[in-house]
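Chains as they are written, first to last, in my numbering: chain S, 1 to 495; chain A, 1 to 279.
Simulated from the structure, these hints should not be mistaken for laboratory data. This one's a predicted model, so the numbers in the text were calculated from it and none came from an experiment. Using N, Cα and C, we set each Cβ at its ideal position, and we do this for glycine too. One thing to keep in mind: the hints can contain errors.
[Unchecked claim] Estimated spans, in silico, between C-beta atoms of each pair:
#1 Asp158(A) x Glu362(S): 53 to 61 Å
#2 Pro190(A) x Glu459(S): 42 to 50 Å
#3 Glu270(A) x Arg382(S): 19 to 27 Å
#4 Glu270(A) x Lys252(S): 42 to 50 Å
#5 Gly470(S) x Gly100(A): 44 to 52 Å
#6 Gln266(A) x Gln101(S): 53 to 61 Å
#7 Glu152(A) x Glu459(S): 46 to 54 Å
#8 Asn443(S) x Gly125(A): 40 to 48 Å
#9 Thr436(S) x Gly125(A): 21 to 29 Å
#10 Arg382(S) x Asn41(A): 31 to 39 Å
#11 Arg382(S) x Asp245(A): 22 to 30 Å
#12 Thr436(S) x Asp54(A): 19 to 27 Å
#13 Arg382(S) x Gly125(A): 40 to 48 Å
#14 Glu270(A) x Asn443(S): 45 to 53 Å
[Stated by the list, open to error] 25 Å max Cα-Cα, derived DMTMM-like pairs, lysine to aspartate or glutamate:
#15 Lys273(A) x Asp302(S)
#16 Lys195(A) x Asp380(S)
#17 Lys315(S) x Glu217(S)
#18 Lys256(A) x Glu389(S)
#19 Lys235(A) x Glu278(S)
#20 Lys250(S) x Asp451(S)
#21 Lys273(S) x Asp252(A)
#22 Lys250(S) x Glu95(A)
#23 Lys235(A) x Glu381(S)
#24 Lys375(S) x Asp252(A)
#25 Lys299(S) x Glu265(A)
#26 Lys483(S) x Asp428(S)
#27 Lys455(S) x Asp258(S)
#28 Lys257(S) x Glu26(A)
Here's the letter readout for the chains.
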Amino acid sequence: MSTKTSEQLEAEAQHLLASFEGKELTRKERLAIPQQEMPAQNPNERRFTMSEVTYGYSEAQARVEAARCLQCKNAPCIEGCPVRINIPAFVQAIEDREYNQSISIIRETNILPAICGRVCPQENQCQEACTVGKVFKDPMQSVSIGRLERFVADRARASAGQDAPAVKPETGKRVAVIGTGPASITVAADLRREGHAVTMLEAFHRPGGVMVYGIPEFRLPKAIVDEEIETLKHMGVEIRTNFLVGRTRKLKDLIAKDGFDAIFIGSGAGLPKFLGIEGENLVGVFSANEYLTRSNMMKAYDRERADTPIFQPRKVAVFGGGNVAMDAARTAVRLGAEEVNVIYRRTRTEMPARVEEVDHAEEEGVRFHFLRSPKRILGDERGRVVGIECLSHELGEPDDSGRRRPVVIPDSESVIEVDTALVSIGNDSHPLITQTTPELETNKWGNIITDDTGKTSMERVYAGGDIVLGAATVILAMGEGRKAADSIHRELSGT
Amino acid sequence: MNRILAKQQLSEHVFRIRVEAPLIAEEREPGQFVIIQLDSNFGERIPLTIADADQAEGSITLIFQAVGRTTRRLAELREGDEIANLLGPLGRPTEIRRFGRVVAVGGGIGVAPLFPILQALKEAGNHVTAIIGARTHELVILEDEVRAVADELIVCTDDGSYGRKALVTKPLEEVCSAEPAPDLAVAIGPPIMMKFCVETVRPYDIPVMVSLNTIMVDGTGMCGGCRVTVGGETKFVCIDGPEFDGREVEFDNMLKRLDAYREQEQQALENCKIEEMHR
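Looking at chain S on its own, in the form it has when it is part of the complex:
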């Protein structure tokens, strides 16, 4: 990654821009434009702050990057986008300095561009399909679609504030939306736009779901999530916090007693998985969910002001290789850990985390131990973690996921001294609603089963996001939400 400062990157971009501005560029010339690097905080400084790591493109950088787009007629990038943003059109608008038009194009299909521009795994979606990346045989060399999306979204936020989308006349129908994460936000906005009354029910004291409790401030500033929630409120969406469906009210009673005409369940994948190994309940072992919730939502990193304590780490092991594992590792760095080790049983290539997060973690001094897995966690007489015993692996035959299966090497045990272990091997569906609503059909993983329209086995009840998909991404959750919102609207309007 870059060691250049924002000023250097800006100067380079200005220079490039001057060299081709006003010219009709050929395909060859476009391919010769270097990819614009994301300006970011210096790794040594950002280890001590929760503020956002990346600064976002300058206007010149955005225009240079936009000029790399070949405007392919078949637009493979759109196919790669779960909500099918018209990517070539919004990129062209940036090149043309039509930023309002650009954000409007994105907003046609994506209501959370400032968030998706930051947290989408673009290299597995739009940028994987990008022709430019194919030419260089490297999706990391594709047009930086996510950074461009963030650029126009941030620019729109800074200039006009956000105009709340127009709302059609009231239909008199009432919809309860369970959860306030990305799937639920999409459903709430889409249905409110059609004129239905929408009430969102959130268990926590603060709305935003995984974007608030899970994803750290340094990757997604909470002010951005709060703005999106404010937009919903301006549209007339009611948000009730401290309301846990299944306990505060049974799902069925939302229809039977409270008179809602339809329900969307977007309660997410909130139940942390544990490894089931010896020592997992020692003091100093936490689910990544717990560690991140304490730090993000409860603000425990702000030791002066927050009441919620967080375990002070010295040497840390993080189990897992996904985005949440990277978030946990980098949070531990910021909380003052001297040493943070990521233990992952496959290799770097198979890591599910976004490449940028892995690079950022590495820059911040996180150590990676590939082809290793924890066998047990070691504790002292006070029941506190003192180390982990790991096994080494080698890659064998491909498994169901197409990735080569890690095979344990016999007698390969080794010990890493740590006082904190963060378990980040995924989440299961939140079980409360399904436990308290036997009529809802679920699969063997506890995910709610829906048909193609997002409808569950219960009348007037729809579901989407991680509660259906299993743990996935913000953008996939939004895609699911859109589908369900469309079906709910059709059911409510009888079309």
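With chain S's structure known, arrange chain A on it following the hints.
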């Protein structure tokens, strides 16, 4: 929302408040708890057991001991003040049915969560022997309420200042060894008391239900901070509990986990006391 309708001091550090919470009052069952938070930005979330509820009034009763930062601040609130955030009812309700004879132990503040369970057990037709204990007379709470519900009541204090001078395990042992033997034991109180109650009951081969109050953040199954080992498996107190058969609970591990933030909490408490002095 969440307005404090009435407040009463039961002993030096123990308070009873009635809080406006119509939905929770309607849905709650014995054994369930709430999570409260006094400041939406920087407050911590702590679990408190529901001691009683009044559906007609739309209120719940909470009894708490002002020992930590949040409970001390809660004790400073007055009638008419609001609790910023109140979530519930949480946890699985107590299994209430006709067991036959039940012996129920409440230690210190643990009498508060025990009380609604006693009421429900009695209503279900059980013969209830209640044992309530405290360090000293001043800390005995809800004696009249429990006396009104239980068939028999034994009160004991550690220092003998009131009732029998004994730890609760003594009368518990006597009740378990007498004829007719109880069919179910219940023990709610400090973790160490529950642990010893379980050991007292174990030889008599009767189930002993305990209600665990571990460290929690969200209280909805999302963090796993409250996890305990029960019957060799990891369970979440917030969604699998809070009640378990105490014979299967690994108390030693739980006690250590409860101490995870001891140093930080003591520091916070010191700061809190200094703040109170300055006011």
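- prompt: Taken at face value, is the distance from the CA of Asp252(A) to the CA of Lys375(S) at most 25 Å?
  reply: Answer holds: Lys375(S) to Asp252(A) is near 23 Å, not above 25 Å.
- prompt: Is the distance from the Cβ of Asp158(A) to the Cβ of Glu362(S) consistent with 53 to 61 Å?
  reply: Given about 57 Å between the Cβ atoms, the range holds.
query: Is 19 to 27 Å a correct range for the gap between the Cβ atoms of Glu270(A) and Arg382(S)?
result: Because 22 Å falls inside the window, the suggested range holds.
query: Given the hinted pair Lys250(S) and Asp451(S), is their alpha-carbon gap at most 25 Å?
result: Satisfied, since the Cα-Cα distance of roughly 23 Å is no more than 25 Å.
message: Taking 42 to 50 Å as the stated bounds, is the beta-carbon spacing between Glu270(A) and Lys252(S) within them?
response: Cβ of Glu270(A) to Cβ of Lys252(S): about 49 Å, so the range 42 to 50 Å holds.
message: Holds or violated: Lys455(S) and Asp258(S), Cα atoms, limit 25 Å.
response: 20 Å, holds
message: Tell me if the beta carbons of Arg382(S) and Gly125(A) are separated by a distance inside 40 to 48 Å.
response: 46 Å, holds
message: Holds or violated: Lys235(A) and Glu381(S), Cα atoms, limit 25 Å.
response: Answer holds: Lys235(A) to Glu381(S) is near 23 Å, not above 25 Å.
query: When you take the CB atoms of Gln266(A) and Gln101(S), is the distance between them in 53 to 61 Å?
result: Taking Cβ atoms as reference, Gln266(A) and Gln101(S) lie about 59 Å apart, which means the hint holds.
Outcome for the supplied range 46 to 54 Å, where the beta carbon pair is Glu152(A) and Glu459(S): Since the Cβ atoms of Glu152(A) and Glu459(S) sit about 51 Å apart, the hinted range of 46 to 54 Å holds.
- request: Mind checking the hinted window 31 to 39 Å against the Cβ distance between Arg382(S) and Asn41(A)?
  value: Given range 31 to 39 Å: holds, Cβ gap about 33 Å.
Hinted pair Lys273(S) and Asp252(A), Cα distance within 25 Å: Judged against 25 Å, a Cα distance of about 23 Å means the pair holds.
Every hint, counting from the list given before, is met by this structure.
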